[in-house]
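Colleague: Since the structure of chain X is provided, determine the placement of chain G on it from the hints.
Each chain, written out:
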Amino acid sequence: MLSSILQVLILGLALGGVYALMASGLTLIFGVMRIVNLAHPIMIIAGAFVAYWLFRLYGLDPILAMPIAAAVLFVIGIVLYKLIFEKEAANAKYSEMTVLLTFAVALCADGLLGALFSNTQRVTTPAYGTDAFIFGTIFIPKGQAYAGAISLLVIGTLLAFLNFTRFGAAIRATTQNRAAAQLMGVNVGRVSLITFGIGIALAGAAGALVSFIFSFFPAKHWEWIAILMSLVVLGGMGKLMGAILGAFLLSVIAAFVGTYFGSTWSTMTFFLALFVILLVRPQGLLGDKIEEA
Amino acid sequence: MATELGVSDVLKARKDYNAALASAGRRERATWFPLALLILLTLLPALQITGGHNYTLHLMLYAMMYAAMASSWNILGGYTGYISLGHNVFFCIGGYFSGMILAYFGVTSLLTAPFAGLAAAIVGFAVGLITLKMRGPTFIISSIALLMVARILFDHWQFVGGSNGVALPQMDIPAQWAKLPYYYGMMIVCALTVWASYRIKHSKFGLGLRAISQDEVKAESAGIDTRFYKVLAFAISAFFVGMAGAIWGEYITYLRPNIFLIILVAANMVLMCILGGKGTVAGPIVGAVVLIAFNEFSVTFFGSSEINLLITGLVMVLALKFFPAGIVGTLAKKGRLPRVLDWD
Chain X
2 MLSSILQVLI LGLALGGVYA LMASGLTLIF GVMRIVNLAH PIMIIAGAFV
52 AYWLFRLYGL DPILAMPIAA AVLFVIGIVL YKLIFEKEAA NAKYSEMTVL
102 LTFAVALCAD GLLGALFSNT QRVTTPAYGT DAFIFGTIFI PKGQAYAGAI
152 SLLVIGTLLA FLNFTRFGAA IRATTQNRAA AQLMGVNVGR VSLITFGIGI
202 ALAGAAGALV SFIFSFFPAK HWEWIAILMS LVVLGGMGKL MGAILGAFLL
252 SVIAAFVGTY FGSTWSTMTF FLALFVILLV RPQGLLGDKI EEA
Chain G
-15 MATELGVSDV LKARKDYNAA LASAGRRERA TWFPLALLIL LTLLPALQIT
35 GGHNYTLHLM LYAMMYAAMA SSWNILGGYT GYISLGHNVF FCIGGYFSGM
85 ILAYFGVTSL LTAPFAGLAA AIVGFAVGLI TLKMRGPTFI ISSIALLMVA
135 RILFDHWQFV GGSNGVALPQ MDIPAQWAKL PYYYGMMIVC ALTVWASYRI
185 KHSKFGLGLR AISQDEVKAE SAGIDTRFYK VLAFAISAFF VGMAGAIWGE
235 YITYLRPNIF LIILVAANMV LMCILGGKGT VAGPIVGAVV LIAFNEFSVT
285 FFGSSEINLL ITGLVMVLAL KFFPAGIVGT LAKKGRLPRV LDWD
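In order, the protein sequences belong to chains X and G.
Read in order, the letters of the first sequence correspond to residues 2 to 294 in our numbering.
Read in order, the letters of the second sequence correspond to residues -15 to 328 in our numbering.
Do not take every clue at face value.
[To be verified] Restraint ranges, calculated between C-beta atoms of paired labels, are given here:
#, chain 1, residue 1, chain 2, residue 2, range
1, X, SER119, G, LEU27, 11 to 21 Å
2, X, SER119, G, TYR168, 33 to 43 Å
3, G, GLY90, X, LEU7, 24 to 34 Å
4, G, GLN198, X, LYS83, 25 to 35 Å
FYI, nobody ran anything at the bench for these hints, they're computed from the structure.
Keep in mind the model is a prediction, meaning the values are calculated, not measured.
Beta carbons: idealized from backbone N, C-alpha and C, even for Gly.
One chain only, chain G, in its complex shape:
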């Protein structure tokens, strides 16, 4: 008596097996750690009751911003393998979009940030349609050209203040609590980005992206709509960077091209991602924390942004030469990754 096995039975069995594997994986995962981190970050501003911790809050806000941006960059650069060296263009678009609404209509960026992200994503989608046609060196080159084009446009666009930029109105909050709205805003953006990064990595979409990064031709022949996947990844990655830009713009109370459109911002995003581990979920966050801590030290000791540039470059050379897989990646390869950092 031969059992009749239909295709659907096989598919169902495979699905069940995968689900069982996944749930086994989930049980081992230290989900409590990111949540605990989030709660800790939520409670941190309580320090301000005694006052005098504005610097700590600023540093945390800054770290969360870069964690968000590096995670967002990771969706394109890490999962898909397309290195963009001009991603701060979207940071700038987000900042200016919300900033101009704030300057003309008085609506705070905290409310308009999602729309700023959307604006950045739309631009990203349009640009991606052109530049993502090419794999390899030309994409990287085009991303630098994009940055240069944006710099010239914003420097000469009088409506947004040209190269002098615009000053933004400040919220009427006592100095002790002034950072809080932006702190929480950035925290939400950061949490959203990391969550999205995790979800994308574990979706069919993310699998497709990783297939593209391995071998685009094979991915295409396996039935993946590579063009659409890439452009969508680019847009998503622009979206979160744009949101971070919106909040950052109001937080520092002025918009100027040479805050948003300098290469150091792009370099930081890339470096954090590589330092932490390209293509891992926790990597960009680890990278952001490490690099910002390191930068704070180096600025304290050496000052001047030129030296900072030099040090950023040196760290990048060393990271690429000796730890191309990054902190999280290298530890994971050796099987020494602490469970609390295994967010994949």
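Here chain X stands alone, though its shape is the one from the complex:
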């Protein structure tokens, strides 16, 4: 009994790391630009496709493909920002129109990926994808263990970047108070641009990991929107630590629900959690009072 609980806990934590990585870019972008990026999950799928094709065509390991996926998505992020979101980001206030804009971008990307690659289930199959570490009665699928560990590594790097570099400080300053940051000589336009790129690149990196732990298809991102948003809302919008905390918490709960009630309800956990959070503590665990639009 105890070992089975431990088993579920470990699986939940491993996935929690990946969820945290998936949500980190989202919350970073919201923090700096007040953009709720509904197109974030489709960017994760795009990253998964990069890893998938590199694996299929060149046999490149998805973990090694991760930097490439991140780089490709960084470029896509920069282009999207320049083409579409520059004006909205400068506004730096939450607006419904901007959310709709990201929704429209998500529709475009969904349609484009669907038309190019069709909506069939795919998964990359590196050797460790079907292997597992076994400790006595506990087993940990290698894929999930690697993905969780690498996610934590990337998030750690991100946190170090935010906390110990000048540019990271500029990002944090812009998150806290855009006008004051600008007065202190921070080039907020450039900070926004790079942050948007980094956010989308994080989605791409997460996508490469997702490609071997979940099967994916373009239309799946709608489900992920709700999942990722529930993590971010639980933690408090725009709070990176909050999103990470939310990811681990919900992922573990979902793992237990999935084990004892079936996998359908495991997905449901995230959505129901979202409603419960909205009822009980709408600003999230670590959030301040959400500013009025």
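Modeller: Chain G alone, transformed into the frame defined by chain X:
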């Protein structure tokens, strides 16, 4: 000799003045146009006497359905400013409510549609009590989550056929006239919705909703019961979408979650509203007609629903970037709006 002016005198004078303004406004309004449109739509099925116009009727029915749904969405998204991306949940509830009655008791949806709308409105009211507590991003997110929850529930609810859905019995009418009951049913729903949308915009309730969309805190301090107003707007908006769903379900003769609960339906509602002009009465109708015509072209030329999704997204990006006020809104701002489209 100072005249004694009581408060009631002032109020009466103001009321008279407002009434005079309103009637002056009414005289200028082209009320004949919507009525003429309605008569035209009523007479349109006469084409079928010669036969071969089923496609035209289908397209009109489809356009009227979306006009109704976009107008209904407009009550919440346009007047109140709360963007719901999961409004097709109510479309689904309406469709399934009437569809199941039809499947088990054989009563046509045309009769049960108002009850289907009511069922959708009750669910909307309950959901609204929770989700409308939050302004801003969280409401939009919760509306997507609502859609996902509904999709999982309907996919696994064996009583309503799960993800395979249910086939509905068809009415015993010759093919030439088979579309007519639904055509007229949808026409009535559409007319009702537009009328309700107009009435709401010109009521104290509608004024309250628009105040909420401008500044909720100020609206609250001005004495508007914002919570009740919002939830009521949500329920009303669910009601008409539910009615449209009921008729659509029987018309296409089967119910399946992936007909009702796909994001494209919600996206269409939102896009039509924005394309036509958010918060105007005529906007959603113009948007529905334009987008459906455009979709017909794009499907003919490009086929496949994925490309359709891509194009819908592109149109939405362009509309939001360059015409955020929509066709009707932009024209009205420039003072170039033809009188026949000024339904406000």
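Colleague: None of the hints should be skipped; say for each whether it holds.
Modeller: Now the hints, each set against the structure:
1. At roughly 45 Å, the beta carbons of SER119(X) and LEU27(G) sit outside the given window of 11 to 21 Å.
2. Restraint check, SER119(X) to TYR168(G): a C-beta distance of roughly 40 Å satisfies the suggested window 33 to 43 Å.
3. A C-beta distance of roughly 56 Å is found between GLY90(G) and LEU7(X), which places it outside the suggested range of 24 to 34 Å.
4. Hint check: GLN198(G) to LYS83(X), Cβ distance near 32 Å, so the stated range 25 to 35 Å holds.
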